[in-house]
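Asks: Residues per chain are reported as follows:
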Amino acid sequence: MFDKTLAELAQGLENGDFSSVELTQAYLDRINAEDGKYNSYITVTGEQALDQAKAADETRAAGNAGAFTGLPIAHKDIFCTEGVRTSCASKMLDNFISPYNATVVNKFNAAGAVMLGKTNMDEFAMGSSNESSFYGPSKNPWDTDRVPGGSSGGSAAAVAAQLAPAATGTDTGGSIRQPAALCGITGLKPTYGRVSRFGMIAFASSLDQGGPMTRTAEDAAMMLNVMAGFDLNDSTSMQQDVPDYTADLSKPLAGLKIGLPKEFFPADLSPAIAEQVQNAIKEYEALGATVKEVSLPNTALAIPAYYIIAPSEASSNLSRFDGVRYGYRCESPVDLEDLYKRSRGEGFGTEVKRRIMVGAYALSEGFYDAYYKKAQQIRRLIKQDYVNALNEVDVIMGPTTPHPAFKLGEKTSDPVAMYMEDIFTISLNLAGMPGISIPCGQTEGLPVGLQIIGNYFAEAKLLNVAHQFQVATDWHKKTPQGI
Amino acid sequence: MEWEAVIGLEIHAQLATNSKIFSGASTAFGAEPNTQACAVDLALPGTLPVFNEEALRMAVKFGLAIDANIGRTSVFDRKNYFYPDLPKGYQTSQLFFPIVGEGHVDITLEDGTTKRVGVTRAHLEEDAGKSLHDEFPGMTGIDLNRAGTPLLEIVSEPDMRSAEEAVAYVRKIHSIVTSLGICDGNMAEGSFRCDCNVSVRLKGEEEFGTRTETKNINSFRFIEKAILGEIDRQIDLIEDGGRVVQETRLYDANKNETRSMRSKEEANDYRYFPCPDLLPIVIDEDYIDVIRDNLPELPDARKARFIEEYKLSDYDAMVLSGDHHMATYFETVAKAAGDSKLTANWVMGELSKHLNQNDTTIADSPVSADQLGGLLVRIKDNTISGNIAKKVFEAMWSEGGTADEIIEAKGLKQVTDTGAIEKIVDDVIANCTKQVEQYTSAEPEKRGKMIGFFMGQVMKATGGKANPGAVTGILKKKLDALCD
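So the sequences go chain by chain: A and B.
Counting in our numbering, the first sequence runs from 1 upward without gaps.
Counting in our numbering, the second sequence runs from 1 upward without gaps.
All the pointers check out, no bait thrown in.
Calculated lysine-lysine pairs in the DSS-like style (CA-CA distance at most 25 Å, straight line):
#1 B/LYS460 - B/LYS449
#2 B/LYS79 - A/LYS353
#3 A/LYS477 - A/LYS407
#4 A/LYS251 - A/LYS477
#5 B/LYS460 - B/LYS478
#6 B/LYS79 - A/LYS341
#7 A/LYS374 - B/LYS79
#8 B/LYS353 - B/LYS410
#9 B/LYS341 - B/LYS311
#10 B/LYS391 - B/LYS413
#11 A/LYS282 - A/LYS478
#12 B/LYS130 - A/LYS341
#13 A/LYS477 - A/LYS282
#14 B/LYS390 - B/LYS413
#15 A/LYS373 - B/LYS79
Cβ-Cβ distance ranges computed for the label pairs, FRET-style:
#16 A/ASP244 - B/GLY190: 50 to 58 Å
#17 B/ASN256 - A/LYS353: 40 to 48 Å
#18 B/GLY190 - A/PRO99: 22 to 30 Å
#19 B/PRO137 - A/PRO99: 26 to 34 Å
#20 A/ASP338 - B/MET1: 44 to 52 Å
#21 B/LEU250 - A/VAL334: 21 to 29 Å
#22 A/LEU50 - B/GLY190: 48 to 56 Å
#23 A/ASP338 - B/ASN256: 29 to 37 Å
#24 B/THR328 - A/ASP51: 53 to 61 Å
#25 A/ASP338 - B/ASN356: 41 to 49 Å
#26 B/GLY118 - A/ASP369: 22 to 30 Å
If you're looking for bench data, these hints aren't it; they were derived computationally from the structure.
Ideal placement from N, C-alpha and C gives every residue a C-beta, glycine not left out.
Input sequences plus hints: build the corresponding full structure.
Replies: What follows is the structure in structure tokens.
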């Protein structure tokens, strides 16, 4: 049962093969038994999940079930959940019980979904390995000595380890796609503004975007059907119609024009990764697609621009965590300054503090033009690169990551090496376009991700392209040993 | 040496929206602490701002009223600093692209001269909460009811050269925002407050001196006092060989002095950058035109109309039209009384005196325009005299009630019955033989003044209720009869 997709589970519920309560209980039991190995959950909400499952079964019995009724999922612990700890994997919010639901959570609740719990992540979504979590790193189910990627590493690990059929994630610089690639699952970062950010604890507001992490593109389409849409509470969400993302999945790919940016295949790219990606491209050609080289000339500038913009916004977004109203407060502050310094000094982890300092520096008087403003100019160039390339082709493809999953601790002492892990994903957040990572091969027993990039609001196209690959291949069905 | 002050003002006007600038919480004043602060106002994790368009309309109204450039694209920026009553750790404001650009207002001084004062800009921003230091010994309470209340910060050019000009400017802005209905103008509640930038220089010099900023002054009188005090302090300092330090100062109304709050050296670097949670506000000509076509009467137009319609003097018209509440009050009373001169005298005299003495404003006057109108009607129809009317007004002020109720209850109705008055006059003449003798033996041209004594006696005897005109006539007739 645990290897089933959301679509298959929905069918099982519909057929009466099992109830949502049975399904939910099975997952809760499995989490209880197995998650010690993966640390993919920060909080498991068993009681609440069973209540939701019971209600879902009643809805179904009354004949009112929708596509998502009774399906269990996990939420990244960045989404606020009413009455449940919402920690963002930080000591700062270890004691924070949210009094309200994120819009994404409300939408899943309204659709009848069951929340199994809140998944592990890098602290405040800052990291590419899950190692900055206050609750300890989540482990990669393919090799528990390796990282699951980040920041949505707990969600990726939970889906790969079959501790949830699907989970929500968020992606600021690759935080859905990179862990999806490293854990061998499907992860979609929608167009900026497609999914409401309300109640999604902000890291970098102009880059953050929530999305689905699933076993298949079809499941991602089902998830996005629930998640997407304009939200009055988020001024940056787009007033754009939400199509049925499952409708176009079966469209044939004949005539699909694929662009391969030469910048995504640099000389130092891991040969194994390059090979797997090339094999996937060949598969697409077999499905009727044509391939041409395109260029994203400013790709090399993406990481430096990102590491100005994201920390700048973060330095401001995280100012609210001051020990005054909620969250961690230091013991016996002697005065206001002491309260601030120690609450924030003790409440935030190293990587978070590093980024706050970088951001505060970049925004400070005298440096703003040289850093923040310049980074925004680069951002426009990068966006234009994508627009130009996508005028020539339907989708852009390349590796999601330069390497497969690396060892825990391997890059923790070298933040820049860690930042370079997002080299292929980060520019897309700057451009605001959607991208999906799907498993497309393996190297030394570890999954390799193929990234597919499309134009603004082309999620349906991406899901169609990804689904057709999954119809033709079995990479998405591979499971880690022992699972 | 002759010194000259250079003054520029930043006025914070709370916009009279029902809900906050970025949340749906109420902006009403005076609620229990933290009962009007929602998740967004508390800056709970994950919350996002949603701009209240009513605040935009109000800001555009103001811009049009001061003949300013309206920002077709304006952008919210974050001003980052830590303070316990600033929940997000930044204030959402507009630095680079404000909604209102350069404009101007004309001020009239007491000597009748007018002066144009430039407005550099006016931008939208959110108010902070309040820190309460007194209620909790050893701790600070935070009330976030005010957090997120929309503010229009109106920044003037350093065009003013005296405290009088500064106050005239503040009054003018106050008059405009209240006339537009975009701010209740209540200075005591902090709805309208002023930061004063003051420097001094020798007359004739081009360069500005070093300025200080005195923050959050909340009455016209205090603005004047704070500026006068600050000018004197700076001049004394320089004349004693010292230097003015650029700093933020606080005005202490109890001591009538400013004192240093923080110097420029300790000033924050606010790390402004465009708020990524809010889209730029883009407005078109149609949007502006609709607002322009629906602007209410502005103070300058109203003053001209008062002169024309109510035949008021320039000065009276300025005083009565300057404050929106005052103007509305005046017009209501004048219409009821049917006598604009009498109304002007009462509003600027008795009413203003009481308002000042009780440190309240016309908007909160315990005597309503309808009440005062009713009172003036009774003066006009000779039911009561002007002096009795003052007594009725006193009663109205302290106990309430209509003029007729008070006149009836206190038996203040004027005695116009000549028979009754004649009898009293006869008694007075009989009892004041000495004064009657002085009167009859005086030169005829001096008798006019002497009649005042008898008048006073009659009024005393009638408790002031006798009709003064009737009494004078009767007295004159009877006394003059004795002279022959």
